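**Q** Each protein sequence line maps, in turn, to chains A and B. The working numbering applies: residue 1 is where the first sequence begins, and numbers increase by one. The working numbering applies: residue 1 is where the second sequence begins, and numbers increase by one.
Hints listed in this document are in silico derivations from the structure and should not be mistaken for laboratory results. All of these numbers come straight from a predicted model, not from anything done at the bench. Mixed in with the good hints there might be a few duds.
Here are the simulated DSBU-like cross-link-like pairs (lysine-lysine), alpha carbons at most 35 Å apart as the crow flies [claimed, not checked]:
#1 A:K417 x B:K115
#2 A:K300 x B:K20
#3 A:K24 x B:K350
#4 B:K115 x A:K24
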Amino acid sequence: MSTITKPVASGQPDTPGSEGRPPKYRRPLGIGRDTAVHYAVLLGLAVFVLAPIIPTLLQSIRSEPLYEEGGVFTLDGYKSLFTDAGFGQVVVNTALFAGLTTVLTLVIAIPMAVVVVRTQLPGGRFIAMAMQWPFFISSLILGFGWILMYGPAGFISTEVRNVFGGVPWNLYSIPGMAITEAVALAPIAYVFCANALRQSDASLESAAQVCGAGPLRILGQVIIPMLRPPMVYSSILVFSMSVETLSVPLLYGQPVGIDVFSTFLYRNGLQSVDPDYSVLGAASVVILCVTISLVAVQAKLLKDAQRFVSVRGKATRPRKLDLGWLKWVSIVAIAFYVIFGALIPIVGLMFRSFTLIFTPLRNPFDFVTMKNYQTVFRFESYVQSIWNSLIVAGVGSVVISILAVLAVMVARRSTFKYARVVEYLALIPQSVPGIIIGIGFFWAFAYAPFGLGQVLPGTLAALIIAFGLRALPSAFGSIAPSMMQIGTELDNAARVAGADWIMTFFRILRVLITPAFAGAMVLTFVIMLKEYSPAVFLSSADNNVLGTTMLELWAQGSTGSVAALATIQIAITATFVALAGLLTKGKRNA
Amino acid sequence: MPELTVTNLTKTFGDNAVLKGVSFTIKDGEFFTLLGPSGCGKSTTLNCIAGLEQPTGGSITVGSQAFVDTDKGVFLQPEERNLGMVFQSYALWPHMSVAKNLAMPLNIRKVPKDKQKTLISEALDKVGLADLGDRYPHQLSGGQQQRVALARALIYSPTMLLLDEPLSNLDAKLREQARAWLKRLQTDLGITTVFVTHDQDEALALSDRIAVMSGGNTLQVASPHEIYETPATPEVAAFVGRCNFFVGKVEQAVQNGYSVRIDCSGDVVEIHGDTALNPGQTVTLAIRPEKLEVLPAGSEPTGLNRLRTQVLTNSYVGSHYEYDVKLGNQVVQVESSRPGLTGQVCLVFKPEDALVYPELVELSDEQRDLLTVAP
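Next comes chain A alone, as it looks inside the complex:
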């Protein structure tokens, strides 16, 4: 093939150089390096994601623990699970807890979203920002705070008892668990509804207004009906999250014997002297089926819902409705939620870390001390758990963000045959409860090749793997939209100009997604710092993290030390997010 006769060069006769020819890429065995990377990502993700799931499935039909010789395939695990293990009560409890949580979450979130986004509300922007608090604070810490305040011997309970002679609530019950969980999950439902409200076409409301509808009629007949898709979607999400949550049921339910899915696994796997692994496996599989089908329904609904999103045309700033006196009612309601739901328990917990005695009967300011912190820092294993958390979150956030970028590149920016499979693999862990990830990896390590099974258990690497799997869907979800905002023509231009897929990434996309990558790193860092539930099965004395140490101390009744560690965790998160914010801001200005 001859090269073009007249290149851009003018005048002198052209000696054909390396321009005018396509670049050479080697293809050993007919497989280009692009394809090799695609398959590597697919395989790597498949191993990573399925590692905890497959052994769980296997264990559920084995009579003996996986790591022991012998044993036969049997369905006895399922049989005893459904006959004598008390699993029926667990199912009922879980359904009640998750159902009640979902209802309460919607009751809190929907009116708040409508009022904040669509009506004139003093401090609306502040409230919108304040709703991000659960991002920073784990539900374990929230649970501690609630017990300190509203528990049977809590600060506020005691106060109420002194004034009224009794306490009208009981935190250690399914409704008590549900209220706490709802307070923690309400912001998620709020964000969905608020986004839907912001995106919906404001002229629909203007049209109703022109027809003579008053604010309340507009709310009831135009705004609320438009919220149906996000309501359905977020309620399924909240339901599945409360099915898998461990913290609140563990703190509230365990002492009084209320078991839900997660605490059932916790109790049978950890606390019983001779755990029946086939029952444990069977229970895990049943729970997995529930959570995975919930997420599948949710994904299906979201796909359908997107078809109904109104065409986003010009960005019109909606005129916000004036609710009159009702707006003060809503302010009070929102303030009540924020102050009593989050602020008092968290601030109380932080305050608790600086006192010796915490009860309204004595003025806690008389006992202000740093002793709790001294205790924490005197024991090396506690200090170690702080470092462990930092290392796991630090290393994990980098590794998982890189993995997420790879997954997004293959899933969304390649012509790879199995691109969809890669995307599903990256999102599956969303539906796997943390405690099952822990159990699953615990069993998976028994199968790990190259003697890894002997090395990994009890190390930080094990925790990075398990926590990382939990954080992967979030990292994927935070990078994918940014990637989609980069026009594919930029890739195509590079491809046509002679870069293969890998070079296109390194020369073009790598730079353009750096901000998104930083964002994903912050997100995964915070998630992995808060995480602990997979660790309850994977930790040993050497690799405790903040969460497991707090649980241990809580069980010993060392409330002050728990409060101190919780405060440290909150402080680390806040510092990290603030630093990350400053850094990315600086970059943007440069």
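Starting from the known structure of chain A, arrange chain B on it as the hints suggest.
**A** Frame of chain A, contents of chain B only:
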């Protein structure tokens, strides 16, 4: 210099057939345009040539080299085809200066640094942006970005230049200048160029040959002159330029042609043409507005078809007048230099200016409503 041959190209997305067997050959040095309404498959065809999309069937060869041959399982990746491409959005890499943008394809080809420098400055010279090498894309105007994109596509001496609606993001005035500039550059370089557009004026002005596409098929591949003067199908006539369509029945053969009775008014007109027709056959006549003329009622020109019509509207558009006249129940568009006619007029055309198609024209409901009036 090789020819590009596209043979029986098909592409389906699920059940949706986007290309239904597209074939054409592009000669060396030719400016070849794929023209058609949006969704006709022209961009898909271009992307298949570039390698950005993998066709479901068919083959694309350049000279003796197969880019794609689905029968033999051949598919060259875009980076292995050595093509230059300019995208609708220009796709300049935003994090690189103009010079860096131009240098990237050279880096990939491992061109020595000093040669890169000369090539870049020559390329920028060629597109008239010699001083702008250090600028970033967002600091350039739309027209400048478009020229940088072109320089980037040409700098590594590609076998062929692919242009995906590169002018559509420019505003109207600039677009005409850019069009003339592009034509000159292409003629200077003599590089084979495939151009995709939905703008018929652009296609007519720039192309050596045009492939008119619709619904995943090529309707006609011919020179601009042929496309406009003798469109192969009514669809081509309707898409390239404006056209009036009359459905009628062949009455009888006359000298050089046939006489046809037009359905909408019952008039009999004479047409010339080679198409073999039978008396009684239903045909469609297509006449361009500029081939029609309106004369004051009562004038008696010779050698022309005369139809009695009534003026519905007349509008002045600067270079000429446009009349909508009523023929039976049909609205007919006429371009004329004659000002101010109203009421009864005489609509005339030469027998050789009417195109005859032995098929019915499918108008959309909306078009039919717009072109129909009470008789």
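**Q** Please go over all the hints and tell whether each is borne out by the structure.
**A** Status of each hint after checking the structure:
The straight-line distance between the Cα atoms of K417 of chain A and K115 of chain B is roughly 40 Å, outside the 35 Å bound, and the hint therefore fails. Proposed proximity of K300 of chain A and K20 of chain B is supported: the alpha carbons are some 33 Å apart, at most 35 Å. Straight-line distance between C-alpha atoms of K24 of chain A and K350 of chain B comes to about 61 Å, which puts the hinted pair past the 35 Å bound. Between K115 of chain B and K24 of chain A, the direct Cα distance comes to roughly 19 Å. Compliance with the 35 Å bound is thereby established for this hinted pair.
Of the numbered hints listed earlier, those contradicted by the structure are 1, 3.
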